[in-house]
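First to last, the sequence lines map onto chains C and S.
Be aware that the first sequence starts at 21, since it is given in our numbering, and climbs by one per residue.
Be aware that the second sequence starts at 362, since it is given in our numbering, and climbs by one per residue.
There's no promise every hint is true.
What follows is a list of derived Cβ distance ranges for each label pair [claimed, not checked]:
1) C:E33 to S:D368: 20 to 30 angstroms
2) C:G47 to S:G490: 39 to 49 angstroms
3) S:T392 to C:A46: 27 to 37 angstroms
4) S:A387 to C:M21: 34 to 44 angstroms
5) C:Q85 to S:T408: 21 to 31 angstroms
6) C:K59 to S:D368: 36 to 46 angstroms
Source of the hints: derived by calculation from the structure; they are not laboratory data.
Yeah, the Cβ is synthetic: ideal placement off N, Cα and C, and Gly gets one too.
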Amino acid sequence: MRVKLMYFAWVREKIGRAEEELELPAGIATVAELIDWLKQQGPQYAEAFRRAEVVRAAINQTHVQPSASIAGAAEIAFFPPVTGG
Amino acid sequence: MRIDTADFDVGAEIARLTGGRTDVGAVVAFTGLMRADNDGRAIAGMTLEHYPGMTERELARVEAEAHRRWPLAASLIVHRVGTLKPGDNIVLVVTASKHRQAAFQAAEFLMDYLKTNAPFWKKEVGRDGHAAWVDARISDEAALGRWQIPPDHRG
């Protein structure tokens, strides 16, 4: 499955890029599983997701839980809790 | 709604929203400004980043929800992004209704929801030159709890 990943704020800074397209291996079904896989893709990913519980996710621009299925996702974003307003 | 690097004029925005209408009896405008201090730290400036596309979707969603809950004649959200300095405007929420209660409550609802769900992030630069991402406040999520809708990311 090919998917566009986007990173914002300190998640972007730690990973060192704003977005990328990745071919995910079969067997990754949820956001939490995707995070576990990403953590193994290099020290910058491991650092960005070191405290994975504080990182928020969105699929196709809608907030989702870590348990959410990534099936059919075109765009998955990871970011810290929001601080606008 | 509008995401903009440029400043906004509160009076002009209200005039545009209510101009030519005779059904509006109450307008509430909330403006959020940048302070020069945050948790005891002296702040020189800040940059606001957002998630283009998702931001618009989230703000449209919350505006639709506000219109569903209260009899609003009109509403507007303007949020700035880019580089800001202390004293600058950050965000504007305007609600217009026949009567004041709906306008007051909807404005507060829009701000509470925006604070916890709209994908904006602030990075502050201190007077000492040190830059740091602003942490989310627990109190903002508590404020949202009043409206009986949990933040989406917590389900």
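Those earlier numbered hints the structure runs against, lowest number first: Per hint list: 3, 4 violated.
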